[in-house]
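Engineer: Sequence:
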Amino acid sequence: MNPAAWLSPQEWQAVILSLRVSLVATLASLPLAIGVAWLLARRHFPGHALVSGIVHLPLILPPVVTGYLLLVTFGTQGPIGSLLQPLGVVFAFRWTGAALAAAIMAFPLMVRAIRLGFETVDPRLEQAAATLGAPGPWIFATVTLPLILPAILAGATLGFAKAMGEFGATITFVSNIPGQTQTLPSAIYALLETPGGEAPAMRLVAISVILAMGAVLLSEYLARRTVARR
11 MNPAAWLSPQ EWQAVILSLR VSLVATLASL PLAIGVAWLL ARRHFPGHAL
61 VSGIVHLPLI LPPVVTGYLL LVTFGTQGPI GSLLQPLGVV FAFRWTGAAL
111 AAAIMAFPLM VRAIRLGFET VDPRLEQAAA TLGAPGPWIF ATVTLPLILP
161 AILAGATLGF AKAMGEFGAT ITFVSNIPGQ TQTLPSAIYA LLETPGGEAP
211 AMRLVAISVI LAMGAVLLSE YLARRTVARR
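Every position in the sequence shown, counted from 1, becomes a number in our numbering once 10 is added.
Treat each hint with caution, since some may be false.
What the hints assert, rightly or not - Restraint ranges, calculated between C-beta atoms of paired labels, are given here:
1. A209 - R104: 24 to 32 Å
2. R134 - P72: 16 to 24 Å
3. A38 - T130: 21 to 29 Å
4. L155 - A38: 29 to 37 Å
5. L71 - E208: 25 to 33 Å
6. A138 - P56: 43 to 51 Å
7. I187 - T141: 55 to 63 Å
8. E208 - E230: 29 to 37 Å
9. L135 - I26: 36 to 44 Å
10. I70 - E230: 46 to 54 Å
11. H66 - L29: 25 to 33 Å
12. W16 - A144: 49 to 57 Å
Since the hints were derived computationally from the structure, they do not count as laboratory data.
Think of the CB as a built atom: it goes at the ideal place given N, C-alpha and C, for glycine as much as any other residue.
Sequences and hints are given; from them, build the entire structure.
Structural biologist: And the structure:
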């Protein structure tokens, strides 16, 4: 049997869209997550606890609240969405909005994992490079980042997995439009609300488990390769 025939075209659309949304969300938020993790791990400043609290707020708030705040802010009538709309950038009820919601929900997990990596780096290694005349950005790129690469991989994996499973904020912000904003969790939810939808829903559940496990195993493999090369 052809594996492609295992899922219907609409189900494949949900799988492909979920992969697209999760990948874009992870890649777009990873550089910012590294910067914020460094700031929280290496700098102490007034409002440090407040910044940390804001970063972790999506983990505490109900996802529906996060989705509503995104809709109010980035909707076509929102303060940011209304400014972006003339430029052709629209988030509400688009797959880009699903990626934005997934990125915001995954961001705290990424920052937390990468921050732990920064905190385990011995500052004396960076100081030794500085005494040799290396500039700060060069030290960060050639000493610090390679040392925390396993933490970055772990953070990216957590972010990708969270983005794949994001539901509440996404469905509130971009709804559940087949072929446009319907990701795997949304498709499973819709199927469970449909008579006779248990079987296709179970197929999508199996796909979700396979993708999540694949991401974790890939991260473990890359982390081991990174450590082995040191």
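Engineer: Each of the hints needs a verdict: does it hold here or not?
Structural biologist: Now the hints, each set against the structure:
Evaluation of the 24 to 32 Å hint for A209 and R104 yields a pass: the beta carbon distance comes to about 30 Å. Taken as a hint, the range 16 to 24 Å is violated for the pair R134 and P72, whose Cβ atoms sit roughly 44 Å apart. Checked against the hint of 21 to 29 Å, the C-beta distance between A38 and T130 comes to roughly 26 Å, which is consistent with it. Distance hint check for L155 and A38: the Cβ-Cβ separation is about 19 Å, which falls outside the suggested range of 29 to 37 Å.
At about 31 Å, the CB distance of L71 to E208 agrees with the hint of 25 to 33 Å. The hinted range of 43 to 51 Å is not satisfied by A138 and P56, whose Cβ atoms lie roughly 31 Å apart. At roughly 58 Å, the beta carbons of I187 and T141 sit within the given window of 55 to 63 Å. Taking the beta carbon of each, E208 and E230 are about 33 Å apart, inside 29 to 37 Å as hinted.
In this structure the supplied range 36 to 44 Å holds for L135 paired with I26, their Cβ-Cβ distance being about 43 Å. Look at I70 against E230: about 29 Å separates their beta carbons, and that is not inside 46 to 54 Å. Checked against the hint of 25 to 33 Å, the pair H66 and L29 passes, with Cβ atoms roughly 27 Å apart. Our hint of 49 to 57 Å for W16 and A144 holds, since their Cβ atoms are close to 54 Å apart.
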